[in-house]
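For the sequence shown, the positions run -17 to -1, 1 to 201 when mature numbering (1 follows the signal peptide of the UniProt record, and there is no 0) is used.
There's no promise every hint is true.
Unchecked claim - Beta-carbon label-pair distances, calculated as ranges:
| id | residue 1 | residue 2 | range |
| --- | --- | --- | --- |
| 1 | His149 | Glu10 | 24 to 34 Å |
| 2 | Glu45 | Val128 | 54 to 64 Å |
| 3 | Gln113 | Lys85 | 36 to 46 Å |
| 4 | Gly24 | Gln113 | 23 to 33 Å |
| 5 | Asp98 | Arg62 | 53 to 63 Å |
| 6 | Asp98 | Val58 | 47 to 57 Å |
| 7 | Glu105 | Val128 | 24 to 34 Å |
Unchecked claim - In silico SDA-like cross-links for lysine to any residue, where the CA-CA straight-line distance does not exceed 25 Å:
| id | residue 1 | residue 2 |
| --- | --- | --- |
| 8 | Lys14 | Ser132 |
| 9 | Lys68 | Ser41 |
| 10 | Lys95 | Arg148 |
| 11 | Lys14 | Val82 |
| 12 | Lys14 | Gln141 |
| 13 | Lys95 | Glu138 |
| 14 | Lys68 | Asp80 |
| 15 | Lys74 | Ser60 |
| 16 | Lys68 | Thr81 |
| 17 | Lys14 | Asp32 |
| 18 | Lys74 | Lys85 |
| 19 | Lys14 | Val96 |
| 20 | Lys85 | Arg31 |
| 21 | Lys74 | Glu45 |
| 22 | Lys95 | Gly24 |
| 23 | Lys85 | Asn42 |
| 24 | Lys74 | Ala49 |
| 25 | Lys95 | Thr81 |
| 26 | Lys14 | Ala115 |
| 27 | Lys14 | Asp142 |
| 28 | Lys68 | Ala78 |
| 29 | Lys14 | Glu105 |
| 30 | Lys14 | Asp121 |
| 31 | Lys14 | Tyr151 |
| 32 | Lys85 | Arg72 |
| 33 | Lys95 | Leu25 |
| 34 | Lys95 | Arg13 |
| 35 | Lys14 | Thr99 |
| 36 | Lys68 | Leu53 |
| 37 | Lys68 | Arg89 |
| 38 | Lys14 | Ala122 |
| 39 | Lys85 | Leu30 |
| 40 | Lys14 | Arg114 |
Hints listed in this document are in silico derivations from the structure and should not be mistaken for laboratory results. By construction, the Cβ of each residue, glycine as well, lies at the ideal position given by its N, Cα and C atoms.
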Amino acid sequence: MLLFSFWFLFFSQQKMTQDQPLLAVQEALRKCFPVVEEQQGLWQSTLRDCQPLLASLSNLAEQLQAAENLRFEDVPSLRAFPDLKERLRRKQLAAGDTVMDKLGERLAALLKVRDTVSSHVERVLQIYVQRADAIGIDAALQASVVSPSVADMLEWLQDIERHYRHSYPLHMFQMSCCMFPSSWKSKEAVCLCVDEGDAVEDRHCCSLVFLKKCQYCT
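Using the sequences plus the hints, can you model the full thing?
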């Protein structure tokens, strides 16, 4: 009986030693997914903040274009104000620059979300790579009734990270603003940015599927 207890304890400790690499990866996954979910909330709220700003920018572009097309000298009531057109233009440009500054703040927030998600996912993948040989393929692919396999969860994380990396919204808008400060005056450019933001929001919904699945990990 004593000998049996000894061997039982020996094999239990040996199995625990063998399971330690897998447990380390599972623990890293459990810590990572709540962070991703939190960042997702920040991402979506920031995208929502961008929409009214883009709408304001589009309206300002229309107003600026309308003012430029209007011949003020042909309007009797405006002839007494020869500098009105220029003053109105300066006011519209200043308003557009204010909106641009606010959009820049939102872009910085989105960039921070992207980088935060990438760093956490990279850390989990690094932990797995360091222990992959010890874990083995079979253990990585093994799922249970209460938890997806490590391989599935790693794939979900990579998909989510790739989503943020490729969907960083308004990047074309940001680049055009850096290169051409007056780009917001183009209604076509503003509409393109709105479309890009909508597409990002649609693609972001795909991440919800992964995060719902990962509730099993908590």
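To see whether the hints hold, each was checked on the structure:
1. His149 to Glu10: 24 to 34 Å: holds, 29 Å
2. Glu45 to Val128: 54 to 64 Å: Holds, since Glu45 and Val128 (Cβ atoms, about 58 Å apart) stay within the stated range.
3. Gln113 to Lys85: 36 to 46 Å: Between Gln113 and Lys85, where Cβ atoms are some 43 Å apart, the hint holds.
4. Gly24 to Gln113: 23 to 33 Å: holds, 31 Å
5. Asp98 to Arg62: 53 to 63 Å: holds, 56 Å
6. Asp98 to Val58: 47 to 57 Å: The hinted range 47 to 57 Å holds for Asp98 and Val58, with Cβ atoms some 52 Å apart.
7. Glu105 to Val128: 24 to 34 Å: Holds - the Cβ-Cβ distance for Glu105 and Val128, about 30 Å, lies within 24 to 34 Å.
8. Lys14 to Ser132: Measuring from Cα to Cα gives roughly 16 Å; hence the hint holds.
9. Lys68 to Ser41: Holds, at about 20 Å.
10. Lys95 to Arg148: holds, 11 Å
11. Lys14 to Val82: violated, 37 Å
12. Lys14 to Gln141: Holds. Lys14 to Gln141 sits at ~15 Å (cutoff 25 Å).
13. Lys95 to Glu138: holds, 22 Å
14. Lys68 to Asp80: Holds, at roughly 18 Å.
15. Lys74 to Ser60: holds, 20 Å
16. Lys68 to Thr81: holds, 20 Å
17. Lys14 to Asp32: Roughly 28 Å separates the two Cα atoms, so the pair is violated.
18. Lys74 to Lys85: Cα-Cα ~17 Å, so holds.
19. Lys14 to Val96: holds, 17 Å
20. Lys85 to Arg31: Given pair Lys85, Arg31 holds - Cα atoms ~13 Å apart, limit 25 Å.
21. Lys74 to Glu45: holds, 14 Å
22. Lys95 to Gly24: Cα-Cα ~13 Å, so holds.
23. Lys85 to Asn42: Given that 25 Å is the threshold and the Cα spacing comes to 16 Å, the pair holds.
24. Lys74 to Ala49: Given that 25 Å is the threshold and the Cα spacing comes to 14 Å, the pair holds.
25. Lys95 to Thr81: holds, 22 Å
26. Lys14 to Ala115: Satisfied, since the Cα-Cα distance of roughly 19 Å is no more than 25 Å.
27. Lys14 to Asp142: holds, 17 Å
28. Lys68 to Ala78: holds, 15 Å
29. Lys14 to Glu105: Holds, at about 13 Å.
30. Lys14 to Asp121: holds, 23 Å
31. Lys14 to Tyr151: Measuring from Cα to Cα gives roughly 24 Å; hence the hint holds.
32. Lys85 to Arg72: holds, 20 Å
33. Lys95 to Leu25: It holds: about 10 Å lies between the C-alpha atoms, which stays within 25 Å.
34. Lys95 to Arg13: Given that 25 Å is the threshold and the Cα spacing comes to 22 Å, the pair holds.
35. Lys14 to Thr99: holds, 13 Å
36. Lys68 to Leu53: Roughly 9 Å between the alpha carbons, so the hint for Lys68 and Leu53 holds.
37. Lys68 to Arg89: Cα-Cα ~32 Å, so violated.
38. Lys14 to Ala122: holds, 20 Å
39. Lys85 to Leu30: The given pair, whose Cα atoms are some 12 Å apart, holds under the 25 Å limit.
40. Lys14 to Arg114: Holds, because 17 Å separates the two Cα atoms, which is no more than 25 Å.
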